[in-house]
Each structure stands twice: as C-alpha cells, then as structure tokens.
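S.K.: Protein sequences, first through last, are from chains A and B. Going by the working numbering, the first sequence opens with residue 7, and the numbers climb by one from there. Going by the working numbering, the second sequence opens with residue 7, and the numbers climb by one from there.
Don't take every hint at face value.
The list makes no distinction among identical chains, and a pair is therefore deemed to hold if it is satisfied within one copy or across any two copies.
[To be verified] Straight line, CA to CA, 20 Å or less: simulated SDA-like cross-link-like pairs of lysine to any residue:
hint, residue 1, residue 2
1, K384, S214
2, K317, T363
3, K317, T171
4, K317, G98
5, K317, I160
6, K317, L439
7, K384, H244
8, K384, E191
9, K384, R264
10, K384, V354
11, K317, R362
12, K384, E453
13, K317, H244
14, K317, P393
15, K317, H218
16, K317, L364
17, K317, A431
18, K384, D65
19, K384, D192
20, K384, N428
21, K317, G80
It should be emphasised that the hints constitute simulated quantities derived from the structure, not laboratory data. What you are looking at is a predicted structure, and each value in this text was computed from that prediction instead of being measured.
Residue-level listing of the chains:
Number of protein chains: 2
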Amino acid sequence: MIDRSWLGERLPGFLDDLDALLRIPSVSTQPEHAPSVAQAAEWLVVHLDDLGLEAERIDTGAHPLILAEDNTAGPTRPTVLIYGHYDVQPPGPDAAWDSPPFEPCRRDGRLYARGATDNKGQLFIQLKALQALRETHRRLPVNVKLLLEGEEEIGSPGALDFVRTHADRLRADVIVVSDSHLWSEDRPSILVGLRGIAYLEVQVTGPSGNLHSGVYGGAVVNPANALVQMLASLQDTHWRVNAPGFYDRVEPLDAATRSLLPEGYGDRVRAETATPALGGEQERSVAERTWFRPTLDIHGLKAGYTDEGAKTVIPARATAKLSSRLVLGQRPSEISALLMAHLRASAVAGVRVNVRTLSEAQPWRARTDHWAYGLARKALACSFPEPAAFVGDGGSLPIIPVLESAVGAPALLIGFGLPGANEHAPNEWLSLLAFERGILAVTELLERIGEGPTARTSTAPATGSGHV
Amino acid sequence: MIDRSWLGERLPGFLDDLDALLRIPSVSTQPEHAPSVAQAAEWLVVHLDDLGLEAERIDTGAHPLILAEDNTAGPTRPTVLIYGHYDVQPPGPDAAWDSPPFEPCRRDGRLYARGATDNKGQLFIQLKALQALRETHRRLPVNVKLLLEGEEEIGSPGALDFVRTHADRLRADVIVVSDSHLWSEDRPSILVGLRGIAYLEVQVTGPSGNLHSGVYGGAVVNPANALVQMLASLQDTHWRVNAPGFYDRVEPLDAATRSLLPEGYGDRVRAETATPALGGEQERSVAERTWFRPTLDIHGLKAGYTDEGAKTVIPARATAKLSSRLVLGQRPSEISALLMAHLRASAVAGVRVNVRTLSEAQPWRARTDHWAYGLARKALACSFPEPAAFVGDGGSLPIIPVLESAVGAPALLIGFGLPGANEHAPNEWLSLLAFERGILAVTELLERIGEGPTARTSTAPATGSGHV
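Starting from the given sequences, assemble the full structure and let the hints guide the process.
M.R.: Okay, here's the thing in structure tokens:
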C-alpha cells in the first residue's frame, strides 16, 4: 500500500483533477449534450496520456469508447482490466440542487456534483490509484487495460458490441469495476450478485370499443377483469410465482457467500422505502430475497377510465407491464416464454391476449472462490476499519456478464459510493473519506495481484464463463 | 284509438312542432347552453298551454322543471303522471353529423337531430297523443300530470329533490315514461327492469414513492401486485362474485316475466360489440344475464408506468374503479359495504387500502302483475304488428324507483326509440313510423286506462312501494 501521508498531500491535487472532469456535463441521454460527452472523452484521453497510459478513442456508437493500456509490468505479471464510464445522468432542474450540478463543491466531507459517485468519482479512484502507484513505485505492479465508455446510462450499446467483437483486445486475468456501494463509510463491500430480468407487456382486448357496463355487463367479458385474473394467477399471496418451471434452474446461494452477507438489511430497506411491512419469502433474509431470489413485479396497469369520478365503462383493452428479476441459472428467454405461456393459458374465453417481451438481461453471480476475491477482502481490510461484506444488487448491469464472458476472467466489483449518494437524483455526492480509502484499497489490491503466481493459486479456474 | 287517417293528416304539423323544439340546443351539461335550456322550458310551457294544460315552471336546480296538469276528466277518472326530459346530450363535433344536430332533417323515414329519440321525440309522442285525444274526443279520458325536467343528462338533481319533497303534487294511479326502446320497428317492448349500481374506487398504497424494482423487488410489497390479487379474489373465472352475502337478497326473475323476454338477444349483443365470445352465467340467457342478474365490472386500472417501453418501477400506488350492477332485492349501500369488506380482507400485509363509494343507485323491477301492464300490452298490440316483449335495461335510471315510491303508483316504461338510434352519438334519429305508431299506442293506452274501475281490478295493489 502506498504511504497514507503521501496520499494526504497529493489528495487536493487529485480532487482538482476530478473537478475538471465533473465540470463537463457529459449527459449521454440528451442529444444536446453530445459535444460535452465528446469533450469528456477527449479530456480523459489527454489525462490518461499524462498518467503514462496509451489511450485510444474508439468511435463505436453514439459516444466514444476509450481503451488505454500500460504493459510496463511485463509479461510475467498479471493483467487487470478496469471498466468504468464517464457519462452521467441528466441533472434535472438546477433549483433542486443546493449547488449547481456541474460546479463541483466540497462541503461537510463530501464532494457534490453530478457524476461524483456515478461514475466519474469512482472511476477516478482507479485512475488515481494507478497514478499513486506510478509516482511512488516508478512502475505499475500489474499490466493494466482501461475500458471507459460514454454510453452506460443509455444501455452501453457500443461497449457491448465492442466487447463481444474485440475480446482479443481485452484479455486479462481479472476485471475490476468500481460502480457500486460501500456498506457504510467504515465497511466496504464486494458486489457478488446481479439479477437478470425478463420484462413483458401483456395486452388483453375484447369488444371493438369501450362499452356501457350497464347495457353489456354480465355477458361481455371485461378485458380488465380478465387481465386481473391472469396476473393474479401468476403468483400466490406470498408472491411465489406459479408459472410451472419458474424455479427449476435457480442455483441456490452458496453457504460461504451467505455467511458474508451483512445483517440488518431489512431495517435499511424499511427505512429507505417507508413501506408498512416487508413481504416475500419470509424464511429468507431480506438481503437474499432482494439480491439472490427471483421476483415478479407489476410495473404498470392501464385500463378504461382513470380520471376523477365514476364512469361506467367496459374497457375495450387492458394492459400491464411486468418483469421477473432472475438469478443465476435462470435463462431470460426461457422465463419469458414460460410466463407468456402461463398468461395465455389463464386467459378466459371472450378476450384476445397479446404478450411480448420488452427486454431481457442475464443474471450474474461472482466466482467468489476465485483467488481475486480473497485478495480483494484483504486489500479492503487494509484501508477500511471493518471487514468487507458480500452484497448483491437486485438490478441488472448487462455489461458485467458480457465482459466476463469475453475477457475470460472473473469480474471483481468493489464500489466506493455510499448508500443515499443520490446517483440519479439531485445533490449527488461522494464521500471524500471514501475517495481516499478507495485509492488506498485499490493500490493495495493491485500490489497484491502483482505479487505473483502464488497469490493466484486458487481452487477455481481463472478462465471459462460457462456458468454466467 | 284515434283514427289512423286523421293522424296521418295531422302528423306533418305535429312534426313541425317537434322540429321547433329540436332546434333549441338545450344541452344541460354545458354551462354556455343554459340560456337554451331555459328557452326550451319556456317553449314547452307555451306549447302545453296551447294544448290546454296548466303548466308551471319550477326553479329547483340548474335548469327548470315543468309541472303541468289537466284534470278535466274528473275525479272518477284515474290520473296518469307522464315523465320526460327536454335536455339533451352534447352533440359533439358538427363534422361527425351528416346534417347539423340542431337543424332537424327528415330523410329515409327518419328524423335526424340531437334529441330526436332522447328524449324530445319520445316526449312529443306523449304530448301529441294528448293533443290528438283532445282534438278528436274534446276531452282527455284520464286526468294527466306532466313532469318534464331539464337535468336528466346531469343526473336529475333538481327533479329527484322535487319528487322526494313534493310527492303530494304528483299523486297518480300510474306513471308513464317513454325513454327507452322498441325491440324493433314492428315489435314494441315494455321495460320491466333497471339495474342499480354500487360504484367503488379502491386505492392501494405501499412505499412512500416509486421504487426501483431491481433494488427492492422481493421484499417490498408491490401495490399493483396486491391490487390485482384483491380484485381477482372478488370473482371466480365465471365472474361469479365471491364476496359473502352478495347474492343473498337477489330476487329471482319470475317465470311470467321470463316467458315474455325476447329470443336472440345474445346474437344482438355479439353483433353490437364484436366481442370474441360472450361470458358470464352460461346457464342463463344473455337477456337475463344483462338485465336481471348482478355483475362486477372493473372500469379503470391505473398504476406505475404505462407509456411506451420498459420501466422497472414498483409503483407507490395502484388504483381501480369498479362497480356492481344490482338487481331487485339488493341494497346498494349493503353491497358497497360487503365489497369493501372483502377487498380489505383480501389485502396482504405491506400495503394500505382505501376504498370509497363513488355512486349508488337503486335497482328497479316493474310490477308486471299490475293492471296497467295488461292494458299496455293490449294498447301496443293495436298499433304494432307484433306483440310487446318484456325487456330490461342493464343500466340505471335513478328517477324511476324514486318516482314510484313518491307517487305511490307503478311506473310503466314504454319506449319508442330504436336500437342504434345514436342517442349519445352523432346522427341521432327517430323512426317516423315509430313516432306515428307511438302516438296511436299512447292514445289507446290512455283510453283503456280511462275506461274505468273494471279495467283496474287487479291482483296487485295500486299503491305502496315497499319492494322498490
């Protein structure tokens, strides 16, 4: 690990560099900001060059992809692929921010700006760890590849395409990503699971137009009544999915991972959501339910008359949007198909049913028995007061399984954002203490990875992605 | 019955009078038309005066109520209360009409204009029958009261209030209303049932805001999933309502009425709605299902994200509007209460449920064993080639049970509109043949009612409204 006091002296300069990147409004979702996204890419290419990395700008989609390399560690040393993104969410109205979103502001131990956590700040933890290692050790302990994209907030179309078609340029022994959360400022975490998704839209139609429920009610099958029956048939009241085969391929959570899940996540969820009571599979912890178990949630319902007051209509159509979050073993297309089949089979006579898939993503689970995970826990322990927890994220990051599969190496997800950091909301912030501890942890991790083959002896193979 | 050839000669003049009323755009639902509604009332007061009735304008609500009387038949003769309305539905865009809505146009045996059927034209059948009787017989065979309102299309607030508080001014032996349909141009009908309604809105809430379904799915109870389960629990897949007690008070349809229901209503419903297949209680005819059986229909569903594409949200709230159509015996407030109780009981932990009643109306069934029904069937048989059918209307006409109860006499609903007459749509029309036959039928009916006490000997009491 690099010297803490040395880092303390360099930190203001590192943050000034971060400020410069945060000032560029690289909002990838809004076409008018495309020049700013390009400007951020250019800024990064120059900055990476300053850090001694050979950086290349690749125009693969709407916004540039950056691939940089430093192979000075030599062929006997392992290679680490670092992934991050420099695009940001729209800031929303300035009035909702206490300081302007693109004028970085440090106060109360935090750095406030759009992108401070997601993902410029966390990306900078990686960059500044490389810079610190180079400045203090003259050369890096590992070979490094950096893959930085500007389309993460629009679904990574260009990066996914590039990764799938240029796997040869991305060969590495381990992938390191910082785009997640600490458990708390003192307790780091390693993200070991992401859920997949199968997202469906179902439309039920019946009569050719809306009908008077007085005139026709009792004989014409009401599409809204039919939809409700179909949706209800998908689950029991404990939200267990009834569609046959739904759970067949679910790979249970291993005991080792379960033992490292944090306690008290249920209390946190209750506090964050202000929900009257939690539900779901009561025999499992809230952490397991939300990170490692499949679900079925209705996202939207629309039928008939929904304005003020009473209107007596049999709606001609009723629609619902719903998705299942998926876990390791489940295949999105197979789950889509069996949910569709169940919906169609539960439709009554008198209505027509149209179901289609809107999106699908693979689930992912970390290979926690890989040597990199042991090294990561040790490295994090050197710079944080409490040991690392294993956590999941119930959402999907489609690029992670794709990267693992293409690179042929496990992904290690160590995040330095804090819960409540407002990543997609006004007043996004990054903890300055987490920034400093993160840099220390990453330098320690890269040094340990670089220590050589013994560190890499492991019970698990470093390649192969069959179980993704 | 008056002489057909006499009527043939007078008919053009009668239609000219109707045209004058149809030209007044008495749209009660649109405030800018209030002067026109008042103008139509004034026109009617003058016209009734011309017909020899003493007419009074009563300002009881937004638009005037008209009460007219002719008691020249004398105290030994029965009294008939005729109810109708002179307000009309908005016409909608002129472009949708083949001829302007307030410029009456006769073509192809029809009179086209807003209000031609609903209700100015049918109201005129009553008025012109009185005029014909007076002109040909010198005086009316019965005493007559006319109650004409200008607020029917906005829910009859003033008329309901007046009827409830001035029952003494409305005493009669029978109420006659023409605001319904013939079965066909050749086959008249008597409307013998109206369904009531209990209309509810249910709102399910959970977390304090919309949540990311990836992060929280599996532990936070989804209000949309919960709503769907609650609604589905109300019914089985044959649409039988599961709420305990729902059917307890339902008074079955009597065999005499059932024997007079028309055949082939199912074919008509299928043709009108283009629905793939009819549903509901297969062991009952479509006529019985839609006119004389209770229902439960969802009118609106709203939750979460309903625009294009996929959004992975756990909605903070989900709402539904639904109603039960009610039949004789069922009490709207009792049905509301038991549906609410069932919804609340089927709610899972983790959500809050709010249910409220938006509207209620009493069901109504004709006292078909009353002497007036036999007379009506005979009178209709004199002017139409086919015998009258008994029909129902699955909707609600709240004023009918209120009138019956206040007046203390049965209502006789004989309508002369035709199916497909576009009452609430562009190109509303009235059959000129139905207009003529209607006038003949009403004169015949009033003459028969006036024939004296023997005609009124009946197995049923002429007063009392306990079973409404």
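S.K.: Hints first: check each against the structure and report whether it holds.
M.R.: Comparing the hints with the structure gives:
no., hint, in the structure
1, K384 with S214, "neither (66 Å within a copy, 39 Å between copies)"
2, K317 with T363, "between (32 Å within a copy, 13 Å between copies)"
3, K317 with T171, "neither (55 Å within a copy, 29 Å between copies)"
4, K317 with G98, "between (37 Å within a copy, 18 Å between copies)"
5, K317 with I160, "between (40 Å within a copy, 13 Å between copies)"
6, K317 with L439, "neither (58 Å within a copy, 34 Å between copies)"
7, K384 with H244, "neither (40 Å within a copy, 62 Å between copies)"
8, K384 with E191, "within (17 Å within a copy, 91 Å between copies)"
9, K384 with R264, "within (19 Å within a copy, 84 Å between copies)"
10, K384 with V354, "neither (58 Å within a copy, 44 Å between copies)"
11, K317 with R362, "between (30 Å within a copy, 15 Å between copies)"
12, K384 with E453, "within (12 Å within a copy, 105 Å between copies)"
13, K317 with H244, "neither (33 Å within a copy, 24 Å between copies)"
14, K317 with P393, "neither (59 Å within a copy, 36 Å between copies)"
15, K317 with H218, "within (9 Å within a copy, 32 Å between copies)"
16, K317 with L364, "between (31 Å within a copy, 10 Å between copies)"
17, K317 with A431, "between (38 Å within a copy, 17 Å between copies)"
18, K384 with D65, "neither (38 Å within a copy, 88 Å between copies)"
19, K384 with D192, "within (15 Å within a copy, 93 Å between copies)"
20, K384 with N428, "neither (29 Å within a copy, 79 Å between copies)"
21, K317 with G80, "neither (75 Å within a copy, 46 Å between copies)"
The structure shown violates the earlier hints numbered 1, 3, 6, 7, 10, 13, 14, 18, 20 and 21.
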